[in-house]
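Participant: Below, each chain spelled out in residue letters.
Number of protein chains: 2
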Amino acid sequence: MEDSGGGGGVAVESAAVDISKQEVNASNAEEAGQVVTPWEVAGKDGGKIDYDKLIVQFGCQKLDQALIDRVERLTGKPAHPFLRRGVFFAHREFDKILDAYEKGEKFYLYTGRGPSSDALHLGHLVPFMFTKYLQDAFKVPLVIQLTDDEKCMWKDITVERSQHLARENAKDIIACGFDISRTFIFSDFDYVGGEFYKNMVRIAKCVTLNQVRGIFGFVGEDHIGKVSFPPVQAAPSFPTSFPHLFGQRKDVRCLIPCAIDQDPYFRMTRDAAPRIGFLKPALIESLFFPALQGDSGKMSASDTSTAIYVTDTPKEIKTKINRYAFSGGGDTMEKHRKYGANLEVDIPVKYLSFFLDDDAELEEIKKEYGAGRMLTGEVKQRLIEVLTAIVERHRKARAGVTEEMVNAFMAVRPLPNMYG
Amino acid sequence: MEDSGGGGGVAVESAAVDISKQEVNASNAEEAGQVVTPWEVAGKDGGKIDYDKLIVQFGCQKLDQALIDRVERLTGKPAHPFLRRGVFFAHREFDKILDAYEKGEKFYLYTGRGPSSDALHLGHLVPFMFTKYLQDAFKVPLVIQLTDDEKCMWKDITVERSQHLARENAKDIIACGFDISRTFIFSDFDYVGGEFYKNMVRIAKCVTLNQVRGIFGFVGEDHIGKVSFPPVQAAPSFPTSFPHLFGQRKDVRCLIPCAIDQDPYFRMTRDAAPRIGFLKPALIESLFFPALQGDSGKMSASDTSTAIYVTDTPKEIKTKINRYAFSGGGDTMEKHRKYGANLEVDIPVKYLSFFLDDDAELEEIKKEYGAGRMLTGEVKQRLIEVLTAIVERHRKARAGVTEEMVNAFMAVRPLPNMYG
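Top to bottom, those sequences are chains A and B. Using full-length UniProt numbering, read the first sequence as starting at 1 and increasing by one per residue. Using full-length UniProt numbering, read the second sequence as starting at 1 and increasing by one per residue.
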């Protein structure tokens with residue numbers, strides 16, 4: 001899974017015959033004025049991403065309140081704030097997963113990460129925090145793919161460096177609190193082979209060069225490693241890629257929580273699925289976590305001033321938020337008191353919407369700040385407290401992750417009570 | 001390794017910057033009037049392959065008498081008939097292999113096969129018979145790749161069918177007499193992964209989409225499995241792909257005996273090698289074994305009347321040779337006695353040149369037949385004897401190959417005395 005780099009087009013999921021007309025869809029994307037691929041996220045004229053338009057462009061569905069209510073009913077737990085507040089806002093056949101779950105059928109979760117730097121930022125944690133909630137709420141097994149091969153191929157780093165990053169990132173992921181009795185973490189360099197490789201080949205046979213050029217925007221100057229990669233990210237969507245978990249069962253459903261920029265991979269995967277005898281994986285897709293400087297796409301892992309890292313000290317968090325977090329407050333105290341804050345563009349409020357658990361407090365802040373009765377400094381102060389607590393909790397948890405624990409999570413092994 | 005299918009261009013081995021101009025080289029190939037790729041072998045205007053021109057087109061070297069003499073001197077054994085008679089006629093840096101061997105440095109052999117049908121024909125045996133000679137003469141380890149993934153991707157067959165064919169073909173290969181203490185046979189579906197996969201990724205990073213389109217003739221409608229495959233065939237050229245044999249040693253030389261249609265894969269591999277810290281693999285390359293109907297390229301595995309199969313009965317061999325083997329003899333007895341046979345086009349003589357061990361007898365037949373004193377029927381009779389003996393020997397040897405022996409050859413294991 002990628003989060004920066006070269007360009008590409010987008011396309012509506014479709015029958016195999018339609019997907020070969022990706023150039024047309026790519027043009028549609030240009031007309032829509034925004035480009036979202038695994039390597040590029042850009043709103044129209046450098047502005048905000050229009051997520052409603054993206055749903056139409058991509059052909060996925062909006063995750064509505066009825067579905068959220070159903071999740072609460074089926075799991076007997078309150079929905080995660082990321083669900084209640086529309087952070088995970090779109091889906092593909094998530095309703096079918098719930099239908100199956102209701103009938104007592106099993107499914108598994110699949111998410112992943114492209115290990116690109118030693119430290120993760122808060123945006124990187126979003127899918128993992130949400131996946132942990134799903135795992136706990138539905139009591140299902142989870143596979144987490146670390147695409148060290150992809151990072152080695154897209155970035156100018158060696159196999160060894162990429163493997164090192166994968167292992168370091170695994171520690172951060174484990175620190176999110178996943179249940180070792182239901183979680184298998186693997187790196188591609190370790191795990192590609194056997195049944196997984198066979199599924200890669202089966203998938204690759206279903207996708208033409210023209211199609212990947214349309215879906216991912218590959219060009220003739222790209223190396224063939226890039227062209228070879230999509231089946232690697234697709235393969236974990238199919239249960240037989242994990243014989244130690246699912247044996248030869250082809251009928252176990254897969255649900256993929258991810259940021260919506262990964263959708264192109266799984267449109268391709270869903271097109272291939274029925275042709276090779278698998279169920280289409282379902283998706284539940286999130287917004288991008290905004291940069292401190294404002295809400296025009298995803299954060300950069302390379303510019304440390306754009307994000308709060310899980311390695312930041314309390315002092316760094318305080319400084320970054322006070323200095324960089326884009327404020328929607330009035331230019332002057334007088335104007336602020338008179339007109340209130342513009343919550344649509346205010347980063348402290350957006351960050352609190354992700355990470356402040358208490359719905360009532362969040363509403364209160366929005367009301368008071370929006371009315372100009374609360375000041376930016378006060379909101380930032382609350383955000384600093386919330387994020388410092390999260391980062392500190394993560395820091396402590398990560399410090400407790402030993403090499404042995406990493407080995408244990410990454411061991412190819414059955415998970416005896418994975419649905420228990 | 002392939003032996004039939006779609007088209008493609010050819011190119012001279014070159015620096016990375018030059019190989020991206022493959023279209024130019026492909027045009028050169030068209031000018032030369034013949035096309036030789038792993039999937040297509042066609043002489044000018046459907047005629048014979050001009051091998052001297054092919055050497056120039058591909059940029060490899062002619063294997064001359066001085067080199068053959070040197071092989072005899074270094075191994076203390078007479079050169080194999082395939083060497084003496086120019087069946088293996090071209091090479092890349094085979095001289096460097098001999099230099100290294102002379103200095104006491106180690107090398108290993110790598111050859112392979114794309115399992116496409118249950119039965120092998122005699123042309124399929126040629127590289128294996130020669131590889132066995134090389135293994136015995138130089139006392140070196142050998143890796144044999146069965147590209148079941150490639151066959152699954154190029155042909156419309158399932159993973160399981162392709163794996164089955166690989167295993168059946170392994171029995172024929174083992175029946176050629178390879179030394180189990182020095183031979184590792186592997187199928188890609190079994191073995192891809194780990195260090196092998198890492199080398200695939202390293203190679204893939206060195207080759208652009210434009211380059212493989214130029215080298216192999218891939219087009220937009222081809223599926224991406226084809227585009228992904230060249231690094232799979234390239235990886236065994238590098239010793240670290242076999243950690244159970246060579247550990248982490250990057251300096252072990254590789255010699256690849258193969259038919260010259262496989263040259264495009266290894267031009268690509270040789271271009272990549274120095275960029276990822278490996279020695280370029282050396283090649284020793286053969287002519288194509290002619291079809292019974294005449295010498296205009298390779299045989300077809302799908303038309304059983306074009307070839308002698310290792311499963312043919314003595315009666316079938318006799319019938320096929322008498323009925324189909326193209327004769328260069330005179331149209332009438334009178335003309336034959338007067339003008340003699342045209343040995344240039346005569347298939348019985350060509351087949352004897354491959355498989356009749358006795359140089360003196362072969363020369364005698366050529367002399368007498370060429371002068372019209374020997375008749376086609378007599379030459380065919382001798383060929384029937386020779387091939388029946390070879391096929392019977394193979395049949396018996398193959399019948400003795402058990403599933404346990406296949407498992408033993410294909411076990412991922414050290415070869416303790418591989419240079420002993």
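None of these hints come from the bench; they were simulated from the model. It cannot be assumed that every hint is accurate.
In silico SDA-like pairs for lysine to any residue, Cα to Cα no more than 20 angstroms straight-line [stated by the list, open to error]:
| # | chain 1 | residue 1 | chain 2 | residue 2 |
| --- | --- | --- | --- | --- |
| 1 | B | K155 | A | R275 |
| 2 | B | K250 | A | G76 |
| 3 | A | K250 | B | E160 |
| 4 | A | K155 | B | L292 |
| 5 | A | K318 | A | G220 |
| 6 | B | K315 | B | D251 |
| 7 | A | K318 | A | G377 |
| 8 | A | K155 | B | K139 |
| 9 | B | K139 | B | G194 |
| 10 | A | K155 | B | E361 |
| 11 | B | K139 | B | N210 |
| 12 | B | K320 | B | L292 |
| 13 | A | K380 | A | D358 |
| 14 | A | K250 | A | Q381 |
| 15 | B | K250 | B | K280 |
| 16 | B | K250 | A | R161 |
| 17 | A | K250 | B | T158 |
| 18 | A | K380 | A | R275 |
| 19 | B | K77 | B | T158 |
| 20 | B | K155 | A | I276 |
| 21 | B | K335 | B | E368 |
| 22 | B | K380 | B | L362 |
Participant: None of the hints should be skipped; say for each whether it holds.
Facilitator: Hint-by-hint comparison with the structure:
| no. | hint | verdict |
| --- | --- | --- |
| 1 | B:K155 - A:R275 | holds (16 angstroms) |
| 2 | B:K250 - A:G76 | violated (58 angstroms) |
| 3 | A:K250 - B:E160 | holds (15 angstroms) |
| 4 | A:K155 - B:L292 | violated (52 angstroms) |
| 5 | A:K318 - A:G220 | violated (46 angstroms) |
| 6 | B:K315 - B:D251 | violated (50 angstroms) |
| 7 | A:K318 - A:G377 | holds (11 angstroms) |
| 8 | A:K155 - B:K139 | violated (42 angstroms) |
| 9 | B:K139 - B:G194 | violated (28 angstroms) |
| 10 | A:K155 - B:E361 | violated (63 angstroms) |
| 11 | B:K139 - B:N210 | violated (40 angstroms) |
| 12 | B:K320 - B:L292 | holds (8 angstroms) |
| 13 | A:K380 - A:D358 | holds (16 angstroms) |
| 14 | A:K250 - A:Q381 | violated (51 angstroms) |
| 15 | B:K250 - B:K280 | holds (11 angstroms) |
| 16 | B:K250 - A:R161 | holds (19 angstroms) |
| 17 | A:K250 - B:T158 | holds (16 angstroms) |
| 18 | A:K380 - A:R275 | violated (52 angstroms) |
| 19 | B:K77 - B:T158 | violated (44 angstroms) |
| 20 | B:K155 - A:I276 | holds (15 angstroms) |
| 21 | B:K335 - B:E368 | holds (15 angstroms) |
| 22 | B:K380 - B:L362 | holds (13 angstroms) |
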